Amino acid sequence: MTTPSSAGYNARRDRLRAKLGGWSLTTYGILAFAFLYLPILILVIFSFNDSRSVSKWAGFTIDWYFKMIKDGQIMLSVWNSLFLAIVSTAIATVLGTLAAMGLERYSFRGKTAVDAMFYLPVIIPDIAMAIMLLLFFNMSGIGFTPWKVNFFGVKLAVPYSVIIGHVAFNTSFVAIVVRARLAQMDRTLEEAAQDLYANAWQTFRRVTLPMLMPGIVGGALLAFTLSLDDFVITFFTSGAGFNTLPVRVFGMIKKGVTPKINAVSTLMLAVSLSLVILSILLRSRSGDEDAVQMGF
Amino acid sequence: MDRLRRNPTFQAWALLAAPVIFLIVFFMLPLLIVFVYSFLERGEYGGVQWVFNLGNIQRVFDPLYFRTFLRSLYIAIVTTLITLALGYPLAYFIADSPPKRKGVLIFVLMIPFWTNFLIRTYAWLTLLRTHTGLINVTLMSWGVISKPLPLFGNDFAIILGLVYGWLPVMVLPIYAALDRLDHSLLEAARDLYASGFHTFWRVTWPLSLPGVVAGSMLVFIPSLGAFVTPAILGGGKSLMIGNIISNQFLGAHDWPFGSALSMLMMIAMLIATLIYFRWTTKTEAAS
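In order, the protein sequences belong to chains A and B.
Under our numbering, the letters of the first sequence match residues 1 to 296, in that order.
Under our numbering, the letters of the second sequence match residues 1 to 287, in that order.
This is chain A alone, in the form it adopts within the complex (with noise of 0.2 Å):
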């Protein structure tokens, strides 16, 4: 039985409930971030550790950063990671962009099929597509020959085999990422282009490109990224004598752990944090809700 009095007893019981329940969720809240960032600050700490142990502190210092720029093998390792991610990024943009317009705009027999195989690369691991590069390779005797570039000043030897296979998994998520924008984007602005004699050329040109511009600057921002993230599909297909940062810093966590690995990493961070910043910006500008929420 409910009298009026134990109504706003329960009344006031659920209230107390909920702020308990709120106060414990924000508690759970900022213990799980936390979790999430405590790992990357210690690793960011023990950069300026002034011992070559990296658990426990002996003062502070900068010479990690000092030892890590005259290191000649890892500032090798750092160009080539820039030069293999641009060259990829555009190359992967312009197949990705295209794919993205063909699958979004029309629709033809056997489009499932090409829907499925542009999805193939983002869901299997990257173990699995290192493997099946890696004997490809092998097998076409193609790839593992060097481009021997000029890269500002420094003279870098990149295999075809590594950067094809970084076109090859990021080709897929710049599809993604500019048909997502494609999808939202108004049509009537194309049909009014049209309806003014633009031939397709020039509404593409015109109209289309521009609108779609935020995509693709997120999708080849992503590519980047990725490409420069890049552990396992690298080390698989460049056969021997090429690396890149992470391979570096794998062969260096191999051989043992030192503060200067954690000083890469910290350069590292920094530059994806960078990347992060900047795609955000980008599509804070562009207004791009949804790709936010994606995360990408």
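Keep in mind that the hints were calculated from the coordinates and are not lab data.
From a predicted model like this one, the values you see are computed outputs, not experimental measurements.
Just so you have them, the derived chain B footprint on chain A, three or more residues with Cβ under 8 Å:
hint, stretch
1, 28-37
2, 110-121
3, 257-266
Glycine is no exception: its CB is placed at the ideal position from the N, C-alpha and C atoms.
The hints should help you fit chain B onto chain A, whose structure is shown.
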């Protein structure tokens, strides 16, 4: 020619030709090679001999290897469950925040994810190592423990590394599902005197299931195929199927067997993906 140009199918293929040819040559063909290689004999120094052979397929089920596969499956499932248990309340917390803060929290959530995976794994290496890891060193210097805890070189370390690495991709789709949730449904449930728990269990949870399933897929697949995490946190003792596969190419030079193992891994993932699509189409049809 002009009529051809106006034909939509022609236009579609004009756009698709280059990317499709690229992916056929550099993705589908390599996939086919792995398939064909699993039925061949190994060459003496790597490579293959073109002799049909079912031995690799049989060897995959040899307990020595199959047990590693089952253990990888177990690690992937446990990782997915823990990530879900940790990720769901976090997604709920973000979805429950004021609208302006949501975007910031999602951004803060995704920063670690866009940080190099190798580096995030290395961060845990410096924390977990048995004698020199920060956790054991600190606890021992405080006198909390007298012997180092077994934090490294075991399944615990691998699962922790994987949970840490993939937590953000679990949270994101669950958050998206919770954020779309129609709040009038929750109010209706409350008006009908459903308790907090009942409202959650009968309304919120079922409506967030698509996000839960999507997030679980995004965590399960890369966990099953993990290579970096066990290579670094497994300490050379605790291995997963990804490491066994890579050993066939880097160490043992048994390409056909490595191919057969890769096929096994991909088939397991294909099954998971099919279950996922079956499930999502079924729930879409139901709603």
